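Enquirer: The sequence shown: position 53 = 52 (numbering that gives the first Met the number 0), numbered continuously.
Just so you know, the hints here were simulated from the structure itself, not pulled from any lab data. These numbers come from a predicted model, not from an experiment. Idealized CB from N, CA, C, for every residue including glycine. A few of these clues could be false.
What follows is a list of derived Cβ distance ranges for each label pair [to be verified]:
(1) G170 <-> R16: 27 to 37 Å
(2) P10 <-> A125: 31 to 41 Å
(3) R16 <-> N37: 19 to 29 Å
(4) A59 <-> S213: 17 to 27 Å
(5) R217 <-> A59: 27 to 37 Å
(6) R176 <-> G55: 36 to 46 Å
When the alpha-carbon atoms are kept at most 27 Å apart in a straight line, the in silico DSS-like pairs for lysine-lysine are as follows [what the hints assert, rightly or not]:
(7) K41 <-> K185
(8) K41 <-> K89
(9) K185 <-> K201
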Amino acid sequence: MFHTLDQVSLPSSVVNRATTPSLRHLDRLGGHNPDESNEPRKIFTTLRQAICSQAGGVSADDIRIVMNTADSTILHFLYVERRTATPVQKRFLVLVSAAQVFLYAVLREIPTTGHMVRILVTRLRAALEDADAIALIWVSHDATLLWVLFVGVVGSGTTEGREWFASRLHGVLERARDILPPERCKRENLQQLLAGFLWRDKYCVPVLDDVWASWERRVT
0 MFHTLDQVSL PSSVVNRATT PSLRHLDRLG GHNPDESNEP RKIFTTLRQA ICSQAGGVSA
60 DDIRIVMNTA DSTILHFLYV ERRTATPVQK RFLVLVSAAQ VFLYAVLREI PTTGHMVRIL
120 VTRLRAALED ADAIALIWVS HDATLLWVLF VGVVGSGTTE GREWFASRLH GVLERARDIL
180 PPERCKRENL QQLLAGFLWR DKYCVPVLDD VWASWERRVT
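Input sequences plus hints: build the corresponding full structure.
Expert: In structure tokens:
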């Protein structure tokens, strides 16, 4: 039997924490089609509720229902028939693919060496490569691209695919370094940016430490 969020009563503190920081930046991904962000926002809000629930004394059964609800919404969003996807839709397909990797690798804590996570990471890479076919798709959306690539690194663990995501993440950081003042190109700025999407210290901080250390070795 599949349970839904209607059967879960989350504490107001959890619901409120899940709204911060704001997800308004997802609306900007929609360009002139702001309605395109409705479903992704719902997915990210539900996943944030799962994150906050884990730290908020919510029962394991209720957390599982929250995660399953997010998973079901993700599957519907990604695999509803799309014969042709616009550039805006491709951006959201990539974003939600990354959210699915985050759900399994970070929230459900499925090993990154396991078959399931490796399949999801492979699909994320394929979605990115498909989106890259449209050269201008990520212009003005570097923050989203950084988070997607970061999740790819997290989900790749120590596999050979990690370098594919890491090298592209470094490339976006180089682009940012060329246009931003030095005081905005710091590790804490990057963490704040990434945490504006989905973030869990236990898994994300060690990976960010490694990514940042390798980035500093490249630029010094």
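Enquirer: Please go over all the hints and tell whether each is borne out by the structure.
Expert: Outcome of the hint check:
1. G170 and R16 have their C-beta atoms about 33 Å apart, which keeps the hinted 27 to 37 Å range intact.
2. A hinted range of 31 to 41 Å for the beta carbons of P10 and A125 is consistent with their spacing of about 39 Å.
3. Between R16 and N37 the CB atoms are about 22 Å apart, so this pair conforms to the stated range of 19 to 29 Å.
4. In this structure the supplied range 17 to 27 Å is violated for A59 paired with S213, their Cβ-Cβ distance being about 36 Å.
5. Between R217 and A59 the beta carbon distance is about 42 Å. The supplied range of 27 to 37 Å is therefore violated.
6. Between R176 and G55, the C-beta spacing of about 37 Å keeps the proposed range 36 to 46 Å intact.
7. Note on K41 and K185: the hinted pairing is violated, with a Cα-Cα distance of about 30 Å set against a maximum of 27 Å.
8. Annotation: proposed proximity of K41 to K89 holds, straight-line Cα distance about 18 Å (limit 27 Å).
9. Pair hint K185 plus K201 holds up; C-alpha atoms about 21 Å apart against a cutoff of 27 Å.
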